[in-house]
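Following the hints, put chain B in place on chain A, whose structure we already have.
Line by line, the protein sequences are chains A and B.
Counting in the numbering used here, the first sequence runs from 1 upward without gaps.
Counting in the numbering used here, the second sequence runs from 1001 upward without gaps.
Simulated from the structure, these hints should not be mistaken for lab results.
Please note that a few of the clues may not be correct.
Unchecked claim - Some chain A residues flagged as far from chain B (calculated, every beta-carbon gap over 12 Å):
1. Lys175
2. Val327
3. Arg369
Claimed, not checked - In silico DSS-like links for lysine-lysine, alpha-carbon gap of 30 Å or less:
4. A:Lys110 x B:Lys1256
5. A:Lys385 x B:Lys1134
6. B:Lys1200 x A:Lys79
7. B:Lys1079 x A:Lys134
8. B:Lys1002 x A:Lys385
9. B:Lys1110 x A:Lys86
10. B:Lys1393 x A:Lys89
11. A:Lys89 x B:Lys1110
12. A:Lys200 x B:Lys1393
13. A:Lys197 x B:Lys1089
14. A:Lys385 x B:Lys1079
15. A:Lys393 x B:Lys1380
16. A:Lys393 x B:Lys1002
17. B:Lys1197 x A:Lys393
18. A:Lys256 x A:Lys307
19. A:Lys393 x B:Lys1089
20. A:Lys110 x B:Lys1079
21. B:Lys1385 x A:Lys86
22. A:Lys110 x B:Lys1002
23. B:Lys1380 x A:Lys200
24. A:Lys110 x B:Lys1200
25. B:Lys1086 x A:Lys110
26. B:Lys1134 x A:Lys79
27. A:Lys380 x B:Lys1134
28. A:Lys200 x B:Lys1385
29. B:Lys1089 x A:Lys200
30. A:Lys2 x B:Lys1385
31. B:Lys1089 x A:Lys110
32. B:Lys1393 x A:Lys393
Note that the structure is predicted; figures quoted are calculated from it, not measured.
For every residue, glycine included, the Cβ atom is placed at its ideal position computed from N, Cα and C.
2 protein chains.
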Amino acid sequence: MKVLILGIDGYIGWSLALRLISRGHDVYGLDNFITRRRVREVGSDSLLPLLSFSKRVERVKDTYGKGIEFTRGDASDPKVIYDVIKRYKPDAIVHLAEQRSAPYSMIDLKHALSTMHGNIQSTMSLLYAVKDIKPDAHIVKLGTMGEYGTPNIDIPEGFFEVEYHGRRDYLPFPKFAGSWYHWTKVHDSNNLMFANKLWKTRITDVMQGVVYGTRTREITETGAYTRFDIDEVWGTALNRFCAQAIAKMPVTPYGKGGQTRGFLSLEDSIQCLTIGIENPPENGEYRVFNQFYEHYSVLDLANKVSKIYRKLYGGDVTIEHVPNPRVEMEEHYYNPEHKKLFELGYRTVRTLEDELSIILSDINRHRRRLDRLRHVIMPKTSWRKSSGLDMLKARR
Amino acid sequence: MKVLILGIDGYIGWSLALRLISRGHDVYGLDNFITRRRVREVGSDSLLPLLSFSKRVERVKDTYGKGIEFTRGDASDPKVIYDVIKRYKPDAIVHLAEQRSAPYSMIDLKHALSTMHGNIQSTMSLLYAVKDIKPDAHIVKLGTMGEYGTPNIDIPEGFFEVEYHGRRDYLPFPKFAGSWYHWTKVHDSNNLMFANKLWKTRITDVMQGVVYGTRTREITETGAYTRFDIDEVWGTALNRFCAQAIAKMPVTPYGKGGQTRGFLSLEDSIQCLTIGIENPPENGEYRVFNQFYEHYSVLDLANKVSKIYRKLYGGDVTIEHVPNPRVEMEEHYYNPEHKKLFELGYRTVRTLEDELSIILSDINRHRRRLDRLRHVIMPKTSWRKSSGLDMLKARR
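Chain A on its own, in the form it takes in the complex:
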């Protein structure tokens, strides 16, 4: 199958490229390396050292005897998107080229707008390009479980039957996201649904949980790490906790720590995306996957990190609750459904505890890089203080 990955240089993009190559697919990639630059913008870097993209492709050739055709460009530029789809005529396009950090989008108005425009424009351009050039291509779009927020009822996979005043309809589940970034994903999902209605575009909209892990089988085989961020802006809570444990800092849940989210390992995420690509929806279908394995609270994560750290290294980890810079419920009901991927054959490969041993060992192996990065872990971005004043001062 010909698969084009937008954002192939990213955490998921690179891991997915390796898997697809190893399974014999033809992989084409687009990236402008903006995440590498944006992570530096906040004074950070991937904790695990990254090869340049050309060196990555060499490793792939050495290991699997097959390369990756790559275009350098910006996925939010319609011309770039039209060009790659014209050039590669892909059967499937996986869109991983959006700004993916909630705190980054909350820094100030400037970052809110750039996230809004970049993300929406890349998805809109992709929808039009597929319609104009390769209308039977399957779009696999990365959304997030965060689109749903934390309602006090079960969360279905995208749609549900509603009864109201004695009548029934099958409607999209109401969403309530928790950052401008998360809202861009809701806006994208809405735009995807509408494009599907207009043009019958085949779409898989992936509501993905939080992904953890440093390795897939192919990362180990090639030795070409995918990125692993531990800073406030680009790292997830689990990544930060692991880094804090190895750095002998307290592990710092935001607020009470009862915030609960769906999670899955990088191995599982790549398995799920591969299942989605290799089992496309019917022509004309807009399909939603809730893509996660199990759910944990932030405090569960802190306790697991502490437990595995003790098992591996013998010491104790302090858990220190810090004021929550976000605006979110810290205790709530959470029960999202997730059946469709299991029906298509998804089976989990590694539990959180297995994976935590690997993550902690990988971080421990790079303790010197960690020493340079430990100052970027604690939160500086406050949801409520997000402002436009600095942006305007800078323009004068």
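Only chain B this time, still in chain A's reference frame:
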């Protein structure tokens, strides 16, 4: 009360300014006259002749002894929004400065993106400016009943109680809009809800029905017409039907004509907005109004136009169904709720049939302008054919 109207030169903006002035409020306005230019872009013009903005303000001074402070600028430019809010420190801000045509947003990818970015950016900038400068100001934001689409169940006013798997929550009603323009209003509503959660901003989000009419009391008193568009892109179905009747052309519903929408007269729209402004929500409230009086199908409108035309001018009007350029259901259930404005005192002033007599007479009075504009009435913009190819050709 100090009221800032963004988009004060538009159809609703101008009519609202007159009403607020006549009720003794201090009115401040922002506009960049882009609708005047965009209507010319599609080869059209307001059927009723418009005074320049400065002449409009003179008429207001002559009639009510009080002027309007005006700033020329683009509401999607954060600097402009910050400046007017700093300068005027308004108690209420009515945001009418978005691109408001569904067909315009469907012309091609370029128009889809400019509508998306302009509308979203103006609302985001406004939210940040209010938060940063005048956090107790009340934002009255114009959305549309079209955000809801046409579900097979009743439509509540924004939120409803959902039961799912035996549990209950009070959630935003799921939306399903019918054009990129309508979706920008959904994206705005979502962004407004989130800003309200972040900063407790006071917001009235107005899901307005289709507005018809050429006059309010103050338009007659000042002789300063508001705009009235009859072309495919900027005119509503009712406006087009009235123009067709007077031009002795067939009246042309799209498809079967069973498409049903909420409607209200310009008099009623201005009354409702005034009620919203003069009765602001509590501090910290995000409030949704379904702002319409009754609902009609497109075919109902055609029949009413035909009936009133016969009464006024004696002749018969031909009704000719034309292929539907839009993607929409042509027969469906439609029963939106609308209680809140009635509870605040809204009472309808003119029925559709009263208003139709006035509209037809106003058009008849400008038959020479109508002769120049009759070629712009029939549809050229096809929802399904919207493409990005021309935009990219133009860029090479």
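Now for the hints, and whether the structure bears them out:
Listed as outside the interface, Lys175 of chain A is inconsistent with that label: its C-beta sits roughly 8 Å from the nearest C-beta of chain B, within the 12 Å cut-off. Some Cβ of chain B comes within 12 Å of the Cβ of Val327 of chain A; the nearest lies about 5 Å off, and the non-interface call is violated. Remark: the non-interface label on Arg369 of chain A is consistent with the geometry, its nearest Cβ contact in chain B lying 35 Å away (cut-off 12 Å). Under the criterion of a C-alpha separation no larger than 30 Å, the hint pairing Lys110 of chain A with Lys1256 of chain B is inconsistent with the structure, at around 46 Å.
Distance restraint check for Lys385 of chain A and Lys1134 of chain B: the Cα-Cα separation of roughly 15 Å lies within the 30 Å cut-off, and the hinted pair is therefore satisfied. Taking the CA atoms of Lys1200 of chain B and Lys79 of chain A, the gap is about 40 Å. The hint is violated against a cut of 30 Å. For the proposed pair Lys1079 of chain B and Lys134 of chain A, the alpha carbon gap of about 41 Å is over 30 Å, so the pair is violated. Proximity of Lys1002 of chain B to Lys385 of chain A is assessed by CA-CA distance (about 27 Å); at most 30 Å being required, the pair is judged to hold.
Distance check on the hinted pair: Lys1110 of chain B and Lys86 of chain A sit about 19 Å apart at the alpha-carbon level, within 30 Å; holds. Taken as a hint, the Lys1393 of chain B and Lys89 of chain A pair is honoured in the structure, with Cα atoms around 19 Å apart against an allowance of 30 Å. Straight-line distance between C-alpha atoms of Lys89 of chain A and Lys1110 of chain B comes to about 23 Å, which keeps the hinted pair within the 30 Å bound. Pair hint Lys200 of chain A plus Lys1393 of chain B holds up; C-alpha atoms about 25 Å apart against a cutoff of 30 Å.
For the hint pairing Lys197 of chain A with Lys1089 of chain B, the CA-to-CA distance comes to about 44 Å; that exceeds 30 Å, so the pair is violated. For the proposed pair Lys385 of chain A and Lys1079 of chain B, the alpha carbon gap of about 19 Å is at most 30 Å, so the pair holds. Between the alpha carbons of Lys393 of chain A and Lys1380 of chain B the distance comes to roughly 45 Å, so the proposed pair goes past 30 Å and is violated. Distance check on the hinted pair: Lys393 of chain A and Lys1002 of chain B sit about 27 Å apart at the alpha-carbon level, within 30 Å; holds.
For the hint linking Lys1197 of chain B to Lys393 of chain A, the alpha-carbon distance of about 26 Å falls within 30 Å, and the restraint holds. Only pairs whose Cα atoms come within 30 Å are accepted, and Lys256 of chain A paired with Lys307 of chain A is accepted, the gap being roughly 19 Å. Straight-line distance between C-alpha atoms of Lys393 of chain A and Lys1089 of chain B comes to about 19 Å, which keeps the hinted pair within the 30 Å bound. Between Lys110 of chain A and Lys1079 of chain B the alpha-carbon distance is near 12 Å, which keeps this suggested pair within the 30 Å criterion.
A distance of roughly 19 Å separates the Cα atoms of Lys1385 of chain B and Lys86 of chain A; the hinted pair therefore holds under the 30 Å criterion. The suggested pairing of Lys110 of chain A with Lys1002 of chain B holds, with an alpha-carbon distance near 29 Å, which does not exceed 30 Å. Among the hinted pairs, Lys1380 of chain B with Lys200 of chain A is consistent with the structure: their alpha-carbon atoms are about 22 Å apart, no more than 30 Å. Under the criterion of a C-alpha separation no larger than 30 Å, the hint pairing Lys110 of chain A with Lys1200 of chain B is consistent with the structure, at around 21 Å.
For the given pair, Lys1086 of chain B sits about 19 Å from Lys110 of chain A by alpha-carbon distance, which is consistent with the 30 Å threshold. At roughly 41 Å between alpha-carbon atoms, Lys1134 of chain B and Lys79 of chain A are farther apart than 30 Å, so this suggested pair is violated. For the proposed pair Lys380 of chain A and Lys1134 of chain B, the alpha carbon gap of about 25 Å is at most 30 Å, so the pair holds. Note on Lys200 of chain A and Lys1385 of chain B: the hinted pairing holds, with a Cα-Cα distance of about 13 Å set against a maximum of 30 Å.
Proximity of Lys1089 of chain B to Lys200 of chain A is assessed by CA-CA distance (about 48 Å); at most 30 Å being required, the pair is judged violated. The suggested pairing of Lys2 of chain A with Lys1385 of chain B holds, with an alpha-carbon distance near 27 Å, which does not exceed 30 Å. Pair hint Lys1089 of chain B plus Lys110 of chain A holds up; C-alpha atoms about 23 Å apart against a cutoff of 30 Å. A threshold of 30 Å between alpha carbons decides the hint, and for Lys1393 of chain B with Lys393 of chain A the separation of about 38 Å lies outside it, so the pair is violated.
Of the numbered hints listed earlier, those contradicted by the structure are 1, 2, 4, 6, 7, 13, 15, 26, 29, 32.
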